[in-house]
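Listed in order, the protein sequences are those of chains A and B.
The first sequence runs 1 to 344 under the working numbering.
The second sequence runs 1001 to 1343 under the working numbering.
Calculated directly from the structure, the hints in this document are not laboratory data.
Errors might be hidden in some of the hints.
Quick list of in silico lysine-lysine cross-link-like pairs, DSS-like style, CA-CA up to 27 Å [to be verified]:
{"no.": "1", "chain 1": "B", "residue 1": "Lys-1299", "chain 2": "B", "residue 2": "Lys-1332"}
{"no.": "2", "chain 1": "A", "residue 1": "Lys-258", "chain 2": "B", "residue 2": "Lys-1241"}
{"no.": "3", "chain 1": "B", "residue 1": "Lys-1010", "chain 2": "A", "residue 2": "Lys-258"}
{"no.": "4", "chain 1": "A", "residue 1": "Lys-242", "chain 2": "B", "residue 2": "Lys-1299"}
{"no.": "5", "chain 1": "B", "residue 1": "Lys-1123", "chain 2": "A", "residue 2": "Lys-258"}
{"no.": "6", "chain 1": "B", "residue 1": "Lys-1332", "chain 2": "A", "residue 2": "Lys-332"}
{"no.": "7", "chain 1": "B", "residue 1": "Lys-1299", "chain 2": "B", "residue 2": "Lys-1010"}
{"no.": "8", "chain 1": "B", "residue 1": "Lys-1139", "chain 2": "A", "residue 2": "Lys-242"}
{"no.": "9", "chain 1": "B", "residue 1": "Lys-1123", "chain 2": "B", "residue 2": "Lys-1092"}
Stretches of chain A that chain B covers, calculated by requiring three or more beta carbons in the stretch to come under 8 Å of a beta carbon on chain B [what the hints assert, rightly or not]:
{"no.": "10", "stretch": "166 to 179"}
{"no.": "11", "stretch": "323 to 336"}
Only part of the chain B face toward chain A is listed, based on derived beta-carbon distances under 10 Å [said to hold, decoys possible]:
{"no.": "12", "residue": "Val-1022"}
{"no.": "13", "residue": "Tyr-1026"}
{"no.": "14", "residue": "Arg-1029"}
{"no.": "15", "residue": "Leu-1102"}
{"no.": "16", "residue": "Glu-1108"}
{"no.": "17", "residue": "Asn-1134"}
{"no.": "18", "residue": "Arg-1321"}
Ideal Cβ positions, reconstructed from N, Cα and C, are used throughout, including at glycine.
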Amino acid sequence: MATYDSLFSALGLKDWCAKGKEDGPMSMADLLAKAKGKDAEPESLWDVPFPSMDALNDSCAAFPQSRELTKGLEEGFLAVKDNLSLVLDPLTQPLSWALDGALYGMLNTPWWIIIPIMLAVVFLVTKSWKLVLFVGVSICLLAFIDYYEYAMQTLAIIFVCAFLCVLFGVPIGIAMSRSDTLQRLTIPVLDMLQTLPPFVYLIPLIFLFSVTESKLYGIAIILYAIVPVVRLTNLGIRLVDKDVIEAADAFGMTPRQKLFKVQIPLALPNIMAGVNQTIMMSLAMVVIASLVSAPGLGVLVLRGIRNLELGVGLVAGLGIVILAVVLDRVTKASLARINATQKQ
Amino acid sequence: MANDIKISIKNLYKIFGPTPDVALEYVKRGMNKADLLDQQNHVLGLRDINVDILSGKITVIMGLSGSGKSTLIRHLNRLIEPTAGEIRLDGKNVLDLNEEELRQLRREQMSMVFQKFALLPHKTVLENAGMALNIRGSKVADFESEAVKWLARVGLEGNENQFPHQLSGGMQQRVGIARALVSNSPVMLMDEAFSALDPLIRSDMQDLLLELQGELQKTIVFITHDLDEALKLSDHLVILKDGEVVQQGDPQDILLNPNDPYIVAFINDINRARVLRVRSIMSRDVDKDTDYAGDLSEKDNLETVLSLSGGDTDKVFRVVRNGEAVGSLCMKALTRALVPSSD
């Protein structure tokens, strides 16, 4: 006799319930109750359970249990998995190549070529000797404590993923800024991507792709990190001064000219802020992605946790902080240079 | 060419709201602005506007904020689509143009100067000035000489490579004017072009505009909320109130014969002596025997005459055009004209 028996009899569903009477798998709670031998519980108002799936199942065996929901989801996913990966696999294969290529390139080029190239790039985008010095010292420090290889792996992954984020994110943002419908549809997706715990991304991906493939973590990083650049591109273009847009119209610009000569240049500070955020978020994700075999400093952090190697974990963590500061300063400095030419 | 109609606006209506066509019927039946908003939830932008804009003249459209003046000027190049009516440029209905033709019109026929300048902040002054030509596909090298020429003409020699934010408001608006001039369009639309500037700079800019107009004879449509500015610049003055034309015509005429209490209230505050000109109040008869105190040009304003007379109200002056006497002005008539008519 369970709490909601009367409900089902009142609805006249007794027969339907009886049909489902079979010994389904028992839940842990059922087993415990049985062991204690108190199947018929005292009916006090205080103990009335919420009419949840499990509570209703107690009264009516035909009613599904809650674990059948998760099981159904899993089975559904497994059912489409093969077809899905048939489509997704070739589509995402270039990502694997790009990641593997970048990793190979970064690790097999001697350090005395890589470091000067990086410093030259830093100088090109920031035009600041102070930053070049800072970046140089940081990288040399990491190299000195023999973390060069790990740091370069992490950087290689970030470069590839952040580049792809910008490549896809900016056009998506532009499309969103031009259509309110698209914006309404896209924003919930972006919200979900941003709030979904990073670990959760990994679960379906593990089912879809082999853990030995680099695109597995590549996709996780891109999904997680693409959000800010999309959002800020959309926002940036929508925030472009209406008067300037009107002037562009009044002088007869085509929509294309307007986009490339006015909207994108004026939205550039916002877009760059989005790129900065995207890079920082890919760094955060690349550490978590070490759980699914992403190489780099994250592996060391994971080793620190798994083997309780306190020193390795802490130093690797510190290395990540240094990389984060370097990436942030460099992108912020280039952002400041853009802002300087855009004052109104 | 002098008195050709360049742009003709006929029976133009603009109603803002979800179903303007329905609301238009009510408006045509005579519903006023407040009722339309109250009962139909539509905003009446413009009602039955009929204005002829003469070629080579400055037409000033004046009104307070909310009177629909900025809405009206944006109809001329269809930045705003009308609800009903016609706009003819050189006899051709602008509303019939397709997208491409409209773009050509905006590129070649009409240029615009904005209240907030609306320059491209990431481009240099030179590139901003050459914007119209750049849009038509010219490279910097192609439009440089033209842009430099007009920048110099508006007083911005040597500022070519600066960015707009490095210039003061007045200088930025000079770039705005140069930009419109470089486009070499016959019509210039100026939307409160000088309203954001401080009074001294504004006066300079007005002088600059009049000077340029003397040379170039463009068809200028100028929007302002400032009556002094309107009277200083206009060849033809259109006064808007709540989306309707209250009075239009020669500014001197409007000043001497206002036909609406609204306009009377407007003109009460202005310095009539500076605005009124001899030709508006002189009498046409020239008496050979009278002893004239001196000669005046018909374009002189009354302030000049007052200082010439030294305050003596008995004097009578002769008015001359090209050396020929065309009328006379006695100081008593002048003094009367200085007081707004109360009838």
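Here is how each hint holds up against the structure:
no., hint, result
1, B/Lys-1299 - B/Lys-1332, "holds (19 Å)"
2, A/Lys-258 - B/Lys-1241, "violated (35 Å)"
3, B/Lys-1010 - A/Lys-258, "violated (32 Å)"
4, A/Lys-242 - B/Lys-1299, "violated (42 Å)"
5, B/Lys-1123 - A/Lys-258, "holds (14 Å)"
6, B/Lys-1332 - A/Lys-332, "violated (74 Å)"
7, B/Lys-1299 - B/Lys-1010, "violated (32 Å)"
8, B/Lys-1139 - A/Lys-242, "holds (26 Å)"
9, B/Lys-1123 - B/Lys-1092, "violated (35 Å)"
10, 166 to 179, "violated (count 0)"
11, 323 to 336, "violated (count 0)"
12, Val-1022, "violated (25 Å)"
13, Tyr-1026, "violated (30 Å)"
14, Arg-1029, "violated (34 Å)"
15, Leu-1102, "holds (8 Å)"
16, Glu-1108, "holds (8 Å)"
17, Asn-1134, "holds (8 Å)"
18, Arg-1321, "violated (40 Å)"
Checked against the numbered hints above, the structure violates hints 2, 3, 4, 6, 7, 9, 10, 11, 12, 13, 14, 18; every other hint is satisfied.
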